[in-house]
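> Sequence:
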Amino acid sequence: MTHLNRAELTSRLDAIYDDVLARLSELVAIPSLAWPTADPAHVDATAAAVARMAEPLGFDTVETLRAENPDGTPGFPAVVASRPAPEGRPTVVLYAHHDVQPAGDLSQWDTPPFEATIRGDRMYGRGAADDKAGILVHLTALQLLGDELGVGVVLFIEGEEEIGSPSFRSFLETYRDKLAGSAIIVADSSNLACGKPALTTSLRGMAGLEFTVRTLSHSVHSGMYGGAVPDATLAMTRLLATLHDEDGAVAVAGLRSAPEAAAEYGDDPMGTDTVALAGTELIGRGSIASRLWHQPSITVIGIDTPNVDDSSNTLLASVRAKISIRLAPGENPADALAAVKRHLQEYVPFGAEVEFGAEESGAPWRADSSDPVIATAMEALSEGFGAEAVQMGLGGSIPFIADLVEVFPQASILVTGIEDPDTRAHSPNESLYLPDFRSAIISEALLLDRLARD
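Position 98, counted from 1, in the sequence shown is what full-length UniProt numbering calls 98; the numbers after and before it change by one each time, with no gaps.
I should point out that these hints are in silico values taken from the structure, not numbers from a laboratory. Just so we're clear, the structure is a prediction, and the values are computed from it rather than from any experiment. All residues carry an ideal CB built from backbone N, CA and C; glycine is no exception. Hints should not be assumed to be uniformly reliable.
Restraint ranges, calculated between C-beta atoms of paired labels, are given here [said to hold, decoys possible]:
1) D309 - S219: 11 to 21 Å
2) Y347 - A387: 24 to 34 Å
3) D19 - T305: 15 to 25 Å
4) P306 - S370: 30 to 40 Å
5) P409 - P306: 44 to 54 Å
6) L282 - T73: 16 to 26 Å
7) S217 - I118: 36 to 46 Å
8) S219 - G351: 13 to 23 Å
Could you put the whole structure together from the sequences, leaning on the hints where they help?
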């Protein structure tokens, strides 16, 4: 038997492409937020739509399933569809998620966020890239292969990734037998650039920490006490400033960096110059790739103080902040949180009190570079895109990868995706670069075909 090739698969895709875009547009139109303040019926609706789209693809079973959250409440629905492998052939799990981020400030959108809009080579809309395109990559690759599909397949489309996948571990353990496979393709990452395919082989971990700084027994008038009594806002801002040195590099003892990234990615692999304002200097030291993928970072993502419009002449007694910490591959999240707490306690000024609150964490991940499935995936990506694929890191985190590794330790994990540096995932004007969407579909079909024959 001969391998399928790019030209044949491109011809098949051309014949159904308008329908593929229509199905993606249908999913984008559903505001499937799993957030506590959103209507959960929308997440149910996307699960139902994905299940309906999967029905004609030859699966033996198509189910919508839930598992319990750690607090015992039901999680959001996931779609699991299964097709057994021919004798002696592997089973491949195809993962994506059907929930999305909130639209945010609607005034910052150039198009309606929940209406797929094509302008030039890009489709705009919340979830157009992250991660409803990933769903259509899986479904369409299977459609292109049809009866020539030579592997078993488990389609696993989760419904709560954007809120941290609280029921994910429970879901894996509850439905372990349904989800087992020798390879897992996670379509929720990025390429190096438009037209430059990449396989993500390392992820930074993450940790989050809320903490409160207190200086006073109660808030007081700034005119009567200002200049002598330290307010909590001053103490908090000075404390936060100690988290970085004069170059903007993380200054917390105990947070480690992984080995320097390879030089093949160029000076600025993720296009940081396109997001920083003209004249704004970049922070940190080392190559840009190393700073984004292999070094820790700390970001202040929230501070509870009065907003400017409602502010008054008051010295605040306490201020709460939340920081997000990205961890280098190989770092232990618990050790990292302990190091940050030690730093905050050591450097808090004026003898102020520090009280720690909610925490969250997710382990970093690095693929086994000797895994032959990685080489097969790189070949498929290179042919599908018509350009040489690279292995890259990702500065973001996918915490559930650690759960996949622990529950399915023998499975090869392939992290692919269709985002690019201009996608603006999680931001207004999120968009999908359609030529790469097509190439990703063809690449996955090529990969499934090769896994059946290797």
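> Taking the hints in turn, state whether each one holds.
Against the structure, the hints:
| no. | hint | result |
| --- | --- | --- |
| 1 | D309 - S219: 11 to 21 Å | holds (18 Å) |
| 2 | Y347 - A387: 24 to 34 Å | violated (47 Å) |
| 3 | D19 - T305: 15 to 25 Å | violated (51 Å) |
| 4 | P306 - S370: 30 to 40 Å | violated (55 Å) |
| 5 | P409 - P306: 44 to 54 Å | holds (50 Å) |
| 6 | L282 - T73: 16 to 26 Å | violated (43 Å) |
| 7 | S217 - I118: 36 to 46 Å | violated (59 Å) |
| 8 | S219 - G351: 13 to 23 Å | holds (18 Å) |
Checked against the numbered hints above, the structure breaks hints 2, 3, 4, 6 and 7 and satisfies the rest.
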